[in-house]
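Line by line, the protein sequences give chains W and C. The first sequence begins at 3 in our numbering and counts up one residue at a time. The second sequence begins at 3 in our numbering and counts up one residue at a time.
These are computed hints drawn from the structure, not numbers from a lab.
As the list makes no split between identical chains, a pair holds if one copy fits it or if it spans any two.
Here are the computed lysine-lysine pairs in the DSS-like style, where the Cα-Cα straight-line distance is at most 25 Å:
1) 205 x 17
2) 17 x 208
3) 17 x 216
Number of protein chains: 2
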Amino acid sequence: METHLSFNDLMALEKQQRTNLVNSTGGFKSVSLIGTVDKSGNTNLAIFSSIVHIGASPPLIAFIVRPDSVDRHTLSNILETGCYTINHLNETIYRKGHQTSARYPGEISEFAAVGLTAAYKDDFLAPFVKESYVQLGMQFRERVDLSINGTILIIGQIDHLYFPENCLCDDAFLDLEKANTITCSGLDSYHSTRRLERLSYAKPDKELVSIPIKYRE
Amino acid sequence: METHLSFNDLMALEKQQRTNLVNSTGGFKSVSLIGTVDKSGNTNLAIFSSIVHIGASPPLIAFIVRPDSVDRHTLSNILETGCYTINHLNETIYRKGHQTSARYPGEISEFAAVGLTAAYKDDFLAPFVKESYVQLGMQFRERVDLSINGTILIIGQIDHLYFPENCLCDDAFLDLEKANTITCSGLDSYHSTRRLERLSYAKPDKELVSIPIKYRE
Numbered sequence: 003m004e005t006h007l008s009f010n011d012l013m014a015l016e017k018q019q020r021t022n023l024v025n026s027t028g029g030f031k032s033v034s035l036i037g038t039v040d041k042s043g044n045t046n047l048a049i050f051s052s053i054v055h056i057g058a059s060p061p062l063i064a065f066i067v068r069p070d071s072v073d074r075h076t077l078s079n080i081l082e083t084g085c086y087t088i089n090h091l092n093e094t095i096y097r098k099g100h101q102t103s104a105r106y107p108g109e110i111s112e113f114a115a116v117g118l119t120a121a122y123k124d125d126f127l128a129p130f131v132k133e134s135y136v137q138l139g140m141q142f143r144e145r146v147d148l149s150i151n152g153t154i155l156i157i158g159q160i161d162h163l164y165f166p167e168n169c170l171c172d173d174a175f176l177d178l179e180k181a182n183t184i185t186c187s188g189l190d191s192y193h194s195t196r197r198l199e200r201l202s203y204a205k206p207d208k209e210l211v212s213i214p215i216k217y218r219e
Numbered sequence: 003m004e005t006h007l008s009f010n011d012l013m014a015l016e017k018q019q020r021t022n023l024v025n026s027t028g029g030f031k032s033v034s035l036i037g038t039v040d041k042s043g044n045t046n047l048a049i050f051s052s053i054v055h056i057g058a059s060p061p062l063i064a065f066i067v068r069p070d071s072v073d074r075h076t077l078s079n080i081l082e083t084g085c086y087t088i089n090h091l092n093e094t095i096y097r098k099g100h101q102t103s104a105r106y107p108g109e110i111s112e113f114a115a116v117g118l119t120a121a122y123k124d125d126f127l128a129p130f131v132k133e134s135y136v137q138l139g140m141q142f143r144e145r146v147d148l149s150i151n152g153t154i155l156i157i158g159q160i161d162h163l164y165f166p167e168n169c170l171c172d173d174a175f176l177d178l179e180k181a182n183t184i185t186c187s188g189l190d191s192y193h194s195t196r197r198l199e200r201l202s203y204a205k206p207d208k209e210l211v212s213i214p215i216k217y218r219e
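All chains, please: the whole structure from these sequences, using the hints.
Printed below as a string of structure tokens:
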């Protein structure tokens, strides 16, 4: 049987129920840890599931920040230093990643609190998560305030990209499944993946074929 | 071994390689079919992997459109009619979903071309995908032009939500895995999921516990 809920039905739900349900409706989400540092060197780490691809040339990625949440240090640090890191969550660290969403006192770094290691690479100011296998060093490019509900879209450019060498395919597709990257749904559900297949570029009147996974030598 | 690519390395890649790689860096993505109709009743269906949660109250979801792509009918139809549908991709229809990205002539509906069924429900103008199990009827709320690369963020409000009754948990978490929703990575890789666990709300000095999946009676 199919359940139907209207806008009014959704608005009539108890708040936490609405949050759970609406956060599930968008599908499986990209989930990463965003690492930042303030001018005094205090590090911050926060989990985000609102990461979205903006463009490849230049390489741009965006995410949504809620200014009234525990994300606030992420936002203020990015505006202060102009940089941040995006670190894919994997099976070995998702519990620690989830724990970064706790409201720790301002003087406590989530790195220390949850037991993840801040790593500094290639003179990039913001800390990477050592235990993450796919890491992006991001340069802040633009802040777009969404007046509709007070959230903020932060657009950044990939200045550094790190990944396990053996996960790159010959057409530069990066095998995230091999890199152990996971996905999430709702507010709190974490999932590993199993590839169905890669599909060829779609053209009218041409049958789709599976693209075999061929790693670079 | 770890591979490191700088911004300049990424920009020096051949275009299709850069597109493949950069589209992989954001992690696993929400992937859905967006259904629209123009004022004359011509339907359009297009696959999008740039869907992002904006807020729960009111329930808002956004996605990114590239105006120079085959997505153009999606955008013009949404601006013309003020509504559209978001239909989760599942294991039974992802090949047909991928095929909607082919550049069909303007007079051909992707519904007919790929063999999916347009369904009309609750007097909503835009067509749903009958073969999709999680369907959203969206009201267009706001267009945000991202001058940084000419893409457009389309923000919509959930006016109708449909899902299989047996996938709803007692706290209103929707079990997308049970609903057969899938995820994607890069431009062309489709993946089913396997739940690791749901985790409790994080608090400092409190151990995380697994939330058991309990469906509503």
